[in-house]
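Number of protein chains: 4
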Amino acid sequence: MRKVFETVVGLNPNFSFRGKQQTRIETFSDAVFALAITLLVLSSTIPETFEDLWASMRDVIPFAICVALIIVIWYQHYIFFLKYGLQDKVTILLNTILLFVLLVYVYPLKFLARFLSEIYGGIFGIIETDLSRFGEYSHQNLKLLMVNYGLGAFAIFLVFSLMYWRAYKMKSLLDLNSYEIFDTKSSIIANLLMCSVPLLSLIITLIDPWGNFRTTILSGFLYFLYVPIMIVFGRITSKKSRRLLQD
Amino acid sequence: MRKVFETVVGLNPNFSFRGKQQTRIETFSDAVFALAITLLVLSSTIPETFEDLWASMRDVIPFAICVALIIVIWYQHYIFFLKYGLQDKVTILLNTILLFVLLVYVYPLKFLARFLSEIYGGIFGIIETDLSRFGEYSHQNLKLLMVNYGLGAFAIFLVFSLMYWRAYKMKSLLDLNSYEIFDTKSSIIANLLMCSVPLLSLIITLIDPWGNFRTTILSGFLYFLYVPIMIVFGRITSKKSRRLLQD
Amino acid sequence: MRKVFETVVGLNPNFSFRGKQQTRIETFSDAVFALAITLLVLSSTIPETFEDLWASMRDVIPFAICVALIIVIWYQHYIFFLKYGLQDKVTILLNTILLFVLLVYVYPLKFLARFLSEIYGGIFGIIETDLSRFGEYSHQNLKLLMVNYGLGAFAIFLVFSLMYWRAYKMKSLLDLNSYEIFDTKSSIIANLLMCSVPLLSLIITLIDPWGNFRTTILSGFLYFLYVPIMIVFGRITSKKSRRLLQD
Amino acid sequence: MRKVFETVVGLNPNFSFRGKQQTRIETFSDAVFALAITLLVLSSTIPETFEDLWASMRDVIPFAICVALIIVIWYQHYIFFLKYGLQDKVTILLNTILLFVLLVYVYPLKFLARFLSEIYGGIFGIIETDLSRFGEYSHQNLKLLMVNYGLGAFAIFLVFSLMYWRAYKMKSLLDLNSYEIFDTKSSIIANLLMCSVPLLSLIITLIDPWGNFRTTILSGFLYFLYVPIMIVFGRITSKKSRRLLQD
Chain A
23 MRKVFETVVG LNPNFSFRGK QQTRIETFSD AVFALAITLL VLSSTIPETF
73 EDLWASMRDV IPFAICVALI IVIWYQHYIF FLKYGLQDKV TILLNTILLF
123 VLLVYVYPLK FLARFLSEIY GGIFGIIETD LSRFGEYSHQ NLKLLMVNYG
173 LGAFAIFLVF SLMYWRAYKM KSLLDLNSYE IFDTKSSIIA NLLMCSVPLL
223 SLIITLIDPW GNFRTTILSG FLYFLYVPIM IVFGRITSKK SRRLLQD
Chain B
23 MRKVFETVVG LNPNFSFRGK QQTRIETFSD AVFALAITLL VLSSTIPETF
73 EDLWASMRDV IPFAICVALI IVIWYQHYIF FLKYGLQDKV TILLNTILLF
123 VLLVYVYPLK FLARFLSEIY GGIFGIIETD LSRFGEYSHQ NLKLLMVNYG
173 LGAFAIFLVF SLMYWRAYKM KSLLDLNSYE IFDTKSSIIA NLLMCSVPLL
223 SLIITLIDPW GNFRTTILSG FLYFLYVPIM IVFGRITSKK SRRLLQD
Chain C
23 MRKVFETVVG LNPNFSFRGK QQTRIETFSD AVFALAITLL VLSSTIPETF
73 EDLWASMRDV IPFAICVALI IVIWYQHYIF FLKYGLQDKV TILLNTILLF
123 VLLVYVYPLK FLARFLSEIY GGIFGIIETD LSRFGEYSHQ NLKLLMVNYG
173 LGAFAIFLVF SLMYWRAYKM KSLLDLNSYE IFDTKSSIIA NLLMCSVPLL
223 SLIITLIDPW GNFRTTILSG FLYFLYVPIM IVFGRITSKK SRRLLQD
Chain D
23 MRKVFETVVG LNPNFSFRGK QQTRIETFSD AVFALAITLL VLSSTIPETF
73 EDLWASMRDV IPFAICVALI IVIWYQHYIF FLKYGLQDKV TILLNTILLF
123 VLLVYVYPLK FLARFLSEIY GGIFGIIETD LSRFGEYSHQ NLKLLMVNYG
173 LGAFAIFLVF SLMYWRAYKM KSLLDLNSYE IFDTKSSIIA NLLMCSVPLL
223 SLIITLIDPW GNFRTTILSG FLYFLYVPIM IVFGRITSKK SRRLLQD
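Protein chains in written order, with the numbering used here: chain A, 23 to 269; chain B, 23 to 269; chain C, 23 to 269; chain D, 23 to 269.
Chain A extracted, bound-state conformation:
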């Protein structure tokens, strides 16, 4: 049954899960995650007329982007607690900060997703872009936007790296074997790497080399660095972990 459980969860069966029994921290966190995605979608006005109904359908793409991002964070949270089952005060404190940052960024994320959908909708000719509804669309505001989301993304992944660092600190008590220790260290580094991209974007935005939209466009596109970083890092770690498992 052990092999089936690990595999049906799609996780690496070489890691023995300490957190199969759901704890209250996870039940509480699941309720907050569920509230976040639900209120993101259902905090809009209720369509009373046909016109309202079609207007509300315009938000489907932005909502899809936001829900996907939140679920990615939920999945990281789910894997962490499945692996270690930690419930100590430090983990609860870090978990609270994670949930707080998530909640603070639900509505700003909705704003950003609508804003980007309006821009890309126009670029791909799907809709007629009307950015005026977002208020004063200035370079200063775009810079603040990038700083705002850079801080949010940075905080989320920093907290995850601290949570994995916490698990690493309790490695003897959790009785982690050498493979599991390596896996934990890789998670710390992976999340620190995920932190570094928004940090870089933040720095570029604050330096603001061109003093105009080019800065914010660059700091926006920097987020595509996630793809190569994760591919390269994934290759390095999987090579090492295969060697560890053979030993």
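Hints are computed from structural coordinates only; laboratory data are not their basis. Just so we're clear, the structure is a prediction, and the values are computed from it rather than from any experiment. Keep in mind that a hint or two might mislead.
Pairs count within a copy or across copies, as identical chains cannot be separated in the list.
Pairs of lysine to any residue, SDA-like flavour, derived with a Cα cap of 25 Å [unchecked claim]:
id	residue 1	residue 2
1	K111	I253
2	K165	S78
3	K111	V249
4	K42	Y97
5	K261	I101
6	K191	N36
7	K111	I210
8	K111	K261
9	K42	M192
10	K165	T71
11	K261	S183
12	K111	D205
13	K207	I101
14	K42	L115
15	K111	Q43
16	K111	I83
17	K42	S183
Could you slot chains B, C and D onto chain A? The hints should help.
Showing chains B, C and D alone in chain A's frame:
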């Protein structure tokens, strides 16, 4: 105790459940389903006067229709995870899409239920129909309405069929016996059949043979096809499964 | 450990619980109950000024009445599923109706509690009664109020009696002993008795013997019948159950 | 495994937990706590323009204060039920009162945190203080504010002390050893001490020795007494518990 559990759940005792232990995906999904039915009912304005109170009671029938539909989807979700207990990334992705479609359609469903209740309330002489509060009641808007809900229903049942297809793909790992494999394949086909009705309705609406209300009335009544389809399909599968169990 | 569990739950240790393992129906229902009491309190406007803050505190008593009523219903729900652990389609259908009636009555309950608090607050000289904010305060509206809440209370306890009736029907499958069968039958009758009071109040209101406020005052005070009914019924059943346990 | 569980929970491994299996009271309470912190953050208006977005970011500090306070209460709730696993009627009643007080104070807490942030933001020169948006900022209103929050804090910790008193009353049934009895008695006293500070603040506010802002400033700063009280009390109890464990 095994026989009692299967039977108290009202499920076919020949299927051994892999998902008796609740997982976080189910806890998270239950919170979203609970939010969906609650916000559907409680997102209306709070009655401050007697007049508000009676006006709010007018929504009871539309709400009952919506809550019943959402619970039918919840029950399908409940049975799927009880049967297979899957928690891998693909299942989580499909589950996220299912919850997202559900949330996007909560308010539109409320609109549709109110709109249909207004029409049928008038036909049965219960209330004086006043469709003006729904905005411009044109053939074009009704067509968009049918397309909108056709897509929603199509998406929900397509995701369920993909989830059962996922379970079918993991049949050796889940150690499904021949009866359970047959049951899983039947579920894939059942959900594909459930997909086909809204698809048919969508196509009729887009072709719009009459160019007036007759098209939307026909595409609406097509949904009654569910009854004969499910009865016939149910008979076929139960005959085959009895034969399988005897063998 | 068995004795401790029953006793820490404060339940009659002679009844062996079939539902100790939480099911998804209970997790889903708990989320709806939690949403009901939370939205009842938090659906008010957010205090932005000191004046708003004091105005919001005026609602504490009405909210306390509503939350107490909802928790009484939650406790009944909790005991039922703890006793029988049923998860079949009929139980899920009855549970859905129960949750639906609960949700439909959250805001009307808030209205009624505010209305009664305004009246009794004035009678006891705590506040200056101002019923004008509730709209047209006529005999006709009060009658509708009594009919409205009579139907709600009647529906809640009727569903509970049907749920216990369902458990009674599955007594052999649930392997209930004679004491447990007696306990289940008592629960059916108790809930039917709880149904009878709102039914009586409804009938009196519809007959409306005096054609003025005296009718609604009488149909309101009929609810105090709950106390003697439950005391007398409690005595009868505990006598019989003691005899059953001795045999 | 026992030692690991206690330690990963960060609790004193000398206390054997009776409540490892999550009960419905905890699932229900977790949903209410999750709703409290989510609605606290997400009950604000949704930012539609850049200006709204920056205005909404101004609330981050006040929200952080409120979420931290609510999580401290959640942690106390979590530890209580983990230790004793009680589910009897008295515990459910006390738990309901706790959740009710929590819900009633979510919005007032949001008001207080915004108010204090405005004042301290001005003192530390971070923002330009504008207290006019809070309505009439008089000595009378500040007194009512201190009374209001004094009652809330008093009620929360009084309920916790009653819950621990309930566990103490069931010590033989829960089979508590001498160390666990001492730990339970300490929790009663600790919560009564936590009650005493808001009580003292309340009394000072009602006596109102200076008849001006000095009274409310004093009654506000009294809350800093929590720190020395908890340090001294912590030292006394840990000395006694070490001696008990040695015996």
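Taking the hints in turn, this is what the structure says about them:
1. In the homo-oligomer, the alpha carbons of K111 and I253 lie at most 25 Å apart only across protomers (18 Å), although the nearest pairing inside one protomer, at 34 Å, exceeds that limit.
2. Taking the closest pair of Cα atoms, K165 and S78 come within 25 Å of each other only across two copies (17 Å); inside a single copy the shortest separation is 29 Å, beyond that limit.
3. Taking the shortest Cα distances, K111 and V249 sit within 25 Å of each other only across copies (18 Å), while inside one copy they are farther apart (34 Å).
4. Proximity of K42 and Y97 under a CA criterion of 25 Å is satisfied in both settings, with 15 Å inside one chain copy and 21 Å between copies.
5. In this assembly of identical chains, the alpha carbons of K261 and I101 lie at most 25 Å apart only when taken from the same copy (21 Å versus 40 Å across copies).
6. Proximity of K191 and N36 under a CA criterion of 25 Å is satisfied in both settings, with 20 Å inside one chain copy and 22 Å between copies.
7. In this assembly of identical chains, K111 and I210 lie within 25 Å of each other by CA distance both inside one copy and across copies; the values are 20 Å within and 21 Å between.
8. Taking CA atoms no more than 25 Å apart as the test, K111 paired with K261 passes between copies only; the shortest distance there is 22 Å, against 35 Å inside one copy.
9. In this assembly of identical chains, K42 and M192 lie within 25 Å of each other by CA distance both inside one copy and across copies; the values are 18 Å within and 21 Å between.
10. For the identical chains of this complex, K165 and T71 are inter-copy neighbours only, at 15 Å across copies versus 37 Å inside a copy, given an alpha-carbon limit of 25 Å.
11. Taking CA atoms no more than 25 Å apart as the test, K261 paired with S183 passes inside one copy only; the shortest distance there is 22 Å, against 36 Å between copies.
12. In the homo-oligomer, the alpha carbons of K111 and D205 lie at most 25 Å apart both inside one protomer (23 Å) and across protomers (19 Å), since each shortest distance falls under that limit.
13. Taking the closest pair of Cα atoms, K207 and I101 come within 25 Å of each other only inside a single copy of the chain (15 Å); across copies the shortest separation is 30 Å, beyond that limit.
14. Taking CA atoms no more than 25 Å apart as the test, K42 paired with L115 passes in both settings, with 21 Å inside one copy and 21 Å between copies.
15. In this assembly of identical chains, the alpha carbons of K111 and Q43 lie at most 25 Å apart whether taken from the same copy (18 Å) or from different copies (20 Å).
16. For the homomeric pair K111 and I83, the shortest alpha-carbon distance between copies (22 Å) is at most 25 Å, but the shortest distance inside one copy (39 Å) is not.
17. With identical chains, the CA atoms of K42 and S183 are at most 25 Å apart within one copy only, with a shortest distance of 21 Å there and 28 Å across copies.
When each numbered hint is compared with the structure, no violation occurs for any of them.
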